[in-house]
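Participant: Listed here are the chains, written in short residue letters.
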Amino acid sequence: MSARYAIGIDLGTTHSALSYVDLEASDGEKTAHGVLPIPQLSAPGTVEDLPLLPSFLYLPHPDELAPGELALPWSTEGETAVAGEMARSRGATTPIRLVSSAKSWLCHPGVDRRAAILPSDAPEEVARVSPLEASTRYLQHLRRAWDHAHPEAPFDQQQVTVTIPASFDPGARELTAEAARNAGYASATLLEEPQAALYSWIQGSNGAWRKQVKAGDIVLVVDVGGGTSDFSLIAILEVDGKLEPHRVAVGDHILLGGDNMDLALAHLVARKLAANGTQLDAWQMRALTYGCRGAKEHLLADPNATTWPIVVPSRGSKLIGGSIRTELTREEVTAFITDGFFPRVEAGARPATRTRAGLTQLGLPYAQDAAITKHLSAFLARQAGATAELEGFAGRVSAEHSFLHPSAVLFNGGVFKSSILSQRVMDTINDWLYMEGAEPARMLEGADLDLAVARGAAYYSYARRGGGVRIRGGTARSYYVGVESSMPAIPGMEPPIQALCVAPFGMEEGSELELPGQEFGLVVGEPVHFRFFGSTTRRQDQIGDVLDFWGPDELQEMNEIQATLPAEGRTPGDVVQVKLHALATEAGTLELAALSPEGQRWNVEFDVRNTASQ
Amino acid sequence: MTTPTQLPGFWSRLSLAFSAFFKAAGDAEFAARVRDDQVGPVAAPAPAPVPTPAPAPVAPAPTPLRVNTPESALQLLTLLQREARLIDFANENLASYADADIGAAARVVHEGCARVLKEHFTIAPVRTEAEGARVTLEEGFDAASVRLTGNVVGKAPFKGTLSHRGWRATDVRLPQLAKEHDASVIAPAEVEL
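Top to bottom, those sequences are chains A and B.
Terminal number for the first sequence in the numbering used here: 632, no gaps in between.
Terminal number for the second sequence in the numbering used here: 195, no gaps in between.
To be clear, the hints were calculated from the coordinates, so they are not data collected in a lab.
Heads up, a few of these hints could be off.
With a Cα cut of at most 30 Å, we get these calculated BS3-like pairs of lysine-lysine [as the list claims (entries may be wrong)]:
(1) A:K232 with A:K336
(2) A:K435 with B:K120
(3) A:K48 with A:K260
(4) A:K336 with B:K157
Here are some chain B residues the structure puts well away from chain A; computed CB gaps all over 12 Å [what the hints assert, rightly or not]:
(5) V69
(6) L81
(7) A146
(8) L150
(9) G156
(10) T163
(11) H166
(12) E192
The beta carbon of each residue, even a glycine, is placed where N, CA and C say it ideally should be.
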C-alpha cells in the first residue's frame, strides 16, 4: 500500500507533537498540512485533545487512581503508566513517580540507557522504566492518536520522520530508531531538528524562500528548546541553477533550554520571598515557576512594562488569605534572562567549564555555563573552516576570520517569541561580524517557533518522496576507533593511541564504505571493546586514515563500542579476521559492521552497557 | 471593606453573585425560590452553557421543560476550580480581607477563568456593531439572541441603541469523560504523605 500522508514527529525533551502533509492534496512546494490534536488524560478520567503531548510519564501507585480512570479513546489494556498533560501536572506534586527529560537521558553517555533507571530518585517499590522505554511510550501514544483519528490511513503505512537533536551521537540516534521500532513504527526516518526548522521555514514561505536567501549564504540555525540548545550551519549552494541547502556543521549537545530560564527566575523570586520570611514548599515552587514563565513572557514581549505581578495560590481552599503575591521586575528579567542567558559577549568568549567533582555523577550533565551566546561563539569559532571546501564559498572564508561568518540566522523554539531575545542574539552576532569587517547577518522572518520541528519533519517525509526541496549534507561527524600504536611499552605510561578513521564526514544516506587494509582479529564468543571518537571539524579525513596527533578540541571521545562474534558454528576462543564497514542508513543512523572472510556480517554495538567503574 | 453594611461592596456582590449562581445551579429549591419571588439575586454572568432556570410563566398547564444532565455543568465547575480556584474564591468570606489581598486572589481567578473560556469555548459577540451604535431590528429578528429593553412598544422594524453586544458560544470543547468517572467530585481532597 502506498502512503497517503507524510508524518513528522517532534520527540521533544518537554513536549512532543505530530504534524502531517496530505500527499494527495500536495504538489511541488504547495503542501496541504496540519497538526494532529493528541487525545490525552488531563486529569483522572478526563480526556482532552491538545496540540502537544507533554513528554512526561507518570507511574501511579496501584491504589492511587479509581478503576477506569486511565481510559483513553483506544485500548489501554495492561498499561499502568500515564503519558501527557496529566503526567506532568500530577508529577509536579509527586515527583518520585514522574519520568521527565527522557530524551536527555537517552543521550547521556554515562548511564545504561536500556536499564530501568527513571525516575532517578524513585524509591525501591516504584517500577522504574528505562530512557528507551519512556521514549517508546511517547511515540506509541502518538501512533495510537493517529490511528484513532485516521482509521482509513494506518500509521505504519505512512511515511514517518522522527526528529532528533543535531548533536545526538550515533548511539543516541540508534536508540531513538530503536524506540520508534519498539513503538510499532514500521520504517521511521530520523531528521536533525535544526534542519526540520529550516524545512518548516521553506514550507511556510510557499516558494518565497528563494527570494530571502541566495547562493553563497550561510544560515545559522539557533534552536533553543525546552531542555536543549542546538546549533547548525546550513550553506546555500547553487547546483544546476537551483538553490540547494547543505548542512555543513552541527554543534555539541548543550543541556540548557527555556525551562532552565523559568526555573532560574523562580529561584530568584523565591529568594526574594524568603528574605521577607516566606518559605515556599515544592508545590508552591512549581506554581511560582509557572507564574514566572507568564511574567517573563509578558515582560519580554512588551518593552514598556516595568513589572508584572505573580500570585502563588494557596494550596488549601483558603484562596485569599493563603495566596502569596509578588512581582517580577524588568531589571530582574533583563539581568537574569537577557544578560544571564544571552549576554552580549565578544567573539572570543568561551563557556566556562569546571572540572567535575570526583564522584560519579548520577544526574543529567547540564551545561555549566548558562550563557547561550558563549556556546554560540565557541561553535562558530570551532567551525571557522566549515565552508572552506564547498564550491562557491572559497572567496568568502579567509584565514584571518576567527570564526565562521553567518549571513542569515533562523531562530527556533518558544524562547524566541520574545523579539528582545532574538534581537539580542542578532546584535551580538552582528557585533562579532562588525569587528571582523563583515556585513551584518539578517534574520530570516516567518518562522513558526513552536511547531516548526514537527511541521518540518512532515515536510521532510514529503520531500523524500521527491515533492520538495531537500537539504543535503550527510553525516555531521567523522568517526574513529582507537588503536594502540606498536610502540614498546614504557612502565607507568599508557601506550599511546592512534585514531583510525572508520567513517568519514558527510557520508550520504544509503552509502557504504569498507575500511581498506586494516583487519581486526575478533575472539569468537568474547566481546571486543574499542575506544570510539567523533569529530565535527575534521572534514578531510578519509576512511582508513590514521591520526597520530590531534588537537584537544578536534576529537571527542564517545562511549566505547563493542563487537561480539557469535559462537554459532565456531569454536569459542578462535580468532577470526574481520573487516569493518561503515554504512550511513536511509533511516539516518550510522552502522558499523564487521564482515568475516566468508561474508558473514554483524553489527558493532554503539550503546554498550557501562560498567560501574566508568 | 469600608462600604456601609446596608449596601454590599463590589467584591461582596461578586462573591454573592457567584455563590447564588452555584446555589441556583445545584440546589433546585433555591432556584425555585429565585424564580418565584424574583427577589433573590439573578445569576451572575457565567461562562457556562448551563441553562439557568428560566422564569417560567405561572400558568395552569405547565409546558414540559427539558431535563438537563448535570454532567457537563459539573465538568465545567471542575475546570473552573482547577484552573481558576473559583469555588474556593466564591466560598470565602470577603469581609475579613483587605482589598489588596482580594485583588491578588482575583488575579488567579481571572487568569484561570480566561484560560478555561479560551481553551474550551469559542465565544463571539452576537452583534458585531460597536456598543452605543444605532441598530435596526427587522421583522422576524431572533428574539432569543436579542433582548429588547426600555420602551418596548410598536412593531418591527425596531430602532434602538446597542447597549450590550451579547455573547454566543459558537463552539464548546469539553473534555471527554471515562465511563466510570464520578463527575460530582469537583476537586478531590488532597492528602500529602
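Participant: Check each numbered hint against the structure and report the violated ones by number, ascending.
Facilitator: 1, 4, 6, 12
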